[in-house]
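**Student:** Please arrange chain B on chain A, whose structure you already have, making use of the hints.
There are 2 protein chains.
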Amino acid sequence: MGNIGTGLYKILQMNREKVENLLGRNVEIRKVLVRNLNKNRKIDIGKELLTTKVEDIIDDPEIDIVVELIGGINPAVDYIKRSIEKGKHVVTANKAVIATYGKELRNLADEKGVQLKYEASVAGGIPIIDTLINSLSSNDVEEIIGIINGTTNYILTQMSHSNISFENALKKAQEKGYAEADPTSDVEGYDAAFKLTILSAVAFGETISPDDISREGITKVCQEDIKYASKLDYNVKLLASAKKYNNSLELHVHPALIPKKHPLASVDNEFNALFVRGNAVGELMFYGKGAGSLPTGSAVLADIITIGKTNKMEQISDKVITNNDLKINGQGIGQYYVRLKVIDKPGVLGKIATTFGEYRISLDSVVQIGRDEKIVPLVFITHEIEKLKLDKALEVIREFSVVKEVSSILKVENL
Amino acid sequence: MGNIGTGLYKILQMNREKVENLLGRNVEIRKVLVRNLNKNRKIDIGKELLTTKVEDIIDDPEIDIVVELIGGINPAVDYIKRSIEKGKHVVTANKAVIATYGKELRNLADEKGVQLKYEASVAGGIPIIDTLINSLSSNDVEEIIGIINGTTNYILTQMSHSNISFENALKKAQEKGYAEADPTSDVEGYDAAFKLTILSAVAFGETISPDDISREGITKVCQEDIKYASKLDYNVKLLASAKKYNNSLELHVHPALIPKKHPLASVDNEFNALFVRGNAVGELMFYGKGAGSLPTGSAVLADIITIGKTNKMEQISDKVITNNDLKINGQGIGQYYVRLKVIDKPGVLGKIATTFGEYRISLDSVVQIGRDEKIVPLVFITHEIEKLKLDKALEVIREFSVVKEVSSILKVENL
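Protein chains in written order, with UniProt numbering: chain A, 1 to 415; chain B, 1 to 415.
FYI, nobody ran anything at the bench for these hints, they're computed from the structure.
Some hints here could point you the wrong way.
All copies of an identical chain are treated as equivalent in the list; a pair is satisfied when it fits inside any one copy or across any two copies.
What the hints assert, rightly or not - SDA-like, lysine to any residue: derived pairs with alpha carbons at most 25 Å apart: (1) K260 with S230; (2) K112 with N21; (3) K18 with E143; (4) K261 with L415; (5) K387 with N247; (6) K42 with K374; (7) K81 with S401; (8) K231 with D268; (9) K18 with V367; (10) K39 with G71; (11) K351 with G308; (12) K112 with R25; (13) K31 with L349; (14) K172 with E17; (15) K10 with K244; (16) K86 with D60.
In isolation and in its complexed conformation, chain A is listed as follows (with noise of 0.2 Å):
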């Protein structure tokens, strides 16, 4: 019964007619697990519905469906584990449980004929789990990047269109309640790469360990960043992308530059979205809120309906296809931007250039700002490249007398 549990009553409250006319039977709330049983709660609740014992709700015959919305690895992994034994169709909107667990718990799932269903754990609002299992099972899914954190995406759009620093962003989006007083798990992008798993395991069969994703946070992005990749018409977004290569998954959570004229880069502030390429459908977008207890609620809802219009034992709808044959590879092939600080005299920018080349890099564009201080900006966007040799030549640049600093590196996603 916390914010998404609350979501979740109150859309029940508002469409209960028609959720009940599409099942052709009533959907009825028969027990609340909660911590504290005489909590003031927002909204009003039966006291007899409410629990402290999760055994009244796991050990309950009459209950068809359990939905979990506890958060955190423990205890939720064990009491969807208990009610799937129990033959009981579990929903949840946990992305920490289904990143870790997810293989084993729809293998038990499958092994008890039961359903297990966790759109809410991608995305929040954005139907992109059911998306992938069944509209596109039709695709041999070739690419997804997502914009599937909020915080960030908050924050990156305040950096940008407000012109303030991180730490004021951040401080913005924990007053309106979009991050949380330890950011970390956000701002380090810990909650992308939990969620870019699911994704992995959905679109291309792979199971992976959220640990074994390449993951760069958005803390080391400065308003310099965002100024000059505006001035090469790019914005600066935390990107989750897995694109396969002939039989290698390449996988990154990092920001990155997007051309403004993609969809992608309008998707601004809390909202989320997600870019597909499929080997028939071509390019997919889809955009909607990613949090918030009405829009994941929503996607709760869904599936305790999806649930209910079938009969569990027929139900094979949300096979994932088990492929252990894709190579994960956190290397890059792609499209670089590079920001070097150097000491603004003649010859500076042909010395770096010059190395570049002799690392076959070949570069996209070049801007030099501020002429005539000691100390300028020197920005490069590369051609598609090797990210090894890229490496590479910058520890060679970075010995240079006239490089001051090697301050960022950004993939761009030219889309």
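**Tutor:** Relative to chain A, chain B alone:
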């Protein structure tokens, strides 16, 4: 075995392994109805699969699913009915048939215990039908605004980006294969009205005749409107919109202005997009290719897979709740863009603005361009008003001797 049929055949070749793994059974094409057995085809298909007799399909008890990709109402609707009557599931991409006979066919399919699926009939590869029926079943849908005709979107994009006339943009669209030799159905909005009918049935449970939708095409949209809209930070798009107000449903197909910063505004060229607002999930947008043999074939194959996954007698997942309580309403409340041609002399703006005021039409912005010419354009954007009042005010304004022409009236969607 036309454009979409060929696409479906190709996708099945490309992705057969994945599809059969998912279904745990083979997918076999048993017969293909063609007009001409000896035509040279772009794909390598065994001659023994082809037939010119529809009975070879409808009367074959081994065929489980009939895929109708003929287009047009006759004979497609007859083939679909006869297939359902023989207990076969039907998948179709036929918007004319579903818009006109959808309710009747859905009822027939329910009665016979088979599935009728038509994801490909609206917005090609974008999975909007399944999303509305399943993922958004937890919501009361309040509004749908779509760019669902690729031909007109291509034309308007070209007019806007390449600064060419409607006629030249249409010619370019025809050369690229985006527009037909007779472009009436697209440019006059008939195609979008068919699709809006289908979306309304699925989202609102309301059966509407396409003829009852207020419809305006893009043939009257000119360079000038696109230019002035752009100055005011709007793009012009052909929108299909359905909006619920209390107990009435307002439906339109018309060219309209959208704020440039809204994600719908950057949907360019042949791409489609649907913006949906639900009472729980809030705003969602879905973007992708609305036509083409592979994207549309992708949607057809997804429908086939869904049927393959579910036991036919248990399946009620595509139930469309019927709702005949909503009144259909074509009269708008909203913001409007009005362009006049007036003689440029002092007091003209005052006189017109006063008249708007008398009809309680308040103005959001006014642009007057090209001073010191004899006849100048005058562009207004109103605040939210009743269209009827605007029409009355313009009747008066039209009679002023200084007003040479009421050149355009366009809806503004300030999403």
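**Student:** The structure should be examined with respect to each hint, and the outcome stated for every one.
**Tutor:** Status of the hints after comparison with the structure:
With identical chains, the CA atoms of K260 and S230 are at most 25 Å apart both within one copy (8 Å) and between copies (17 Å). In this homomeric assembly, K112 and N21 come within 25 Å of each other (Cα to Cα) only across copies, at 21 Å, whereas the closest approach inside a single copy is 29 Å. Only between protomers do K18 and E143 lie at most 25 Å apart by alpha-carbon distance; the minimum there is 16 Å, versus 36 Å within a single protomer. In the homo-oligomer, the alpha carbons of K261 and L415 lie at most 25 Å apart both inside one protomer (10 Å) and across protomers (19 Å), since each shortest distance falls under that limit.
Taking the closest pair of Cα atoms, K387 and N247 come within 25 Å of each other only inside a single copy of the chain (19 Å); across copies the shortest separation is 58 Å, beyond that limit. In the homo-oligomer, the alpha carbons of K42 and K374 never lie at most 25 Å apart, since the shortest distance is 59 Å inside one protomer and 65 Å across protomers. Proximity of K81 and S401 under a CA criterion of 25 Å is satisfied in neither setting, with 60 Å inside one chain copy and 80 Å between copies. For a Cα distance limit of 25 Å, the shortest separation of K231 from D268 qualifies both inside one copy, at 18 Å, and across copies, at 23 Å.
Taking identical chains as interchangeable, the C-alpha atoms of K18 and V367 are never at most 25 Å apart, the minima being 57 Å within one chain and 46 Å between chains. Taking the shortest Cα distances, K39 and G71 sit within 25 Å of each other inside one copy (19 Å), while across copies they are farther apart (60 Å). Neither within a single protomer nor between protomers do K351 and G308 lie at most 25 Å apart by alpha-carbon distance, with minima of 67 Å and 63 Å respectively. Taking CA atoms no more than 25 Å apart as the test, K112 paired with R25 passes in both settings, with 24 Å inside one copy and 22 Å between copies.
Neither within a single protomer nor between protomers do K31 and L349 lie at most 25 Å apart by alpha-carbon distance, with minima of 69 Å and 66 Å respectively. Neither within a single protomer nor between protomers do K172 and E17 lie at most 25 Å apart by alpha-carbon distance, with minima of 39 Å and 50 Å respectively. For the homomeric pair K10 and K244, the shortest alpha-carbon distance between copies (21 Å) is at most 25 Å, but the shortest distance inside one copy (41 Å) is not. In this assembly of identical chains, the alpha carbons of K86 and D60 lie at most 25 Å apart only when taken from the same copy (9 Å versus 44 Å across copies).
In summary, the numbered hints that this structure violates are 6, 7, 9, 11, 13, 14.
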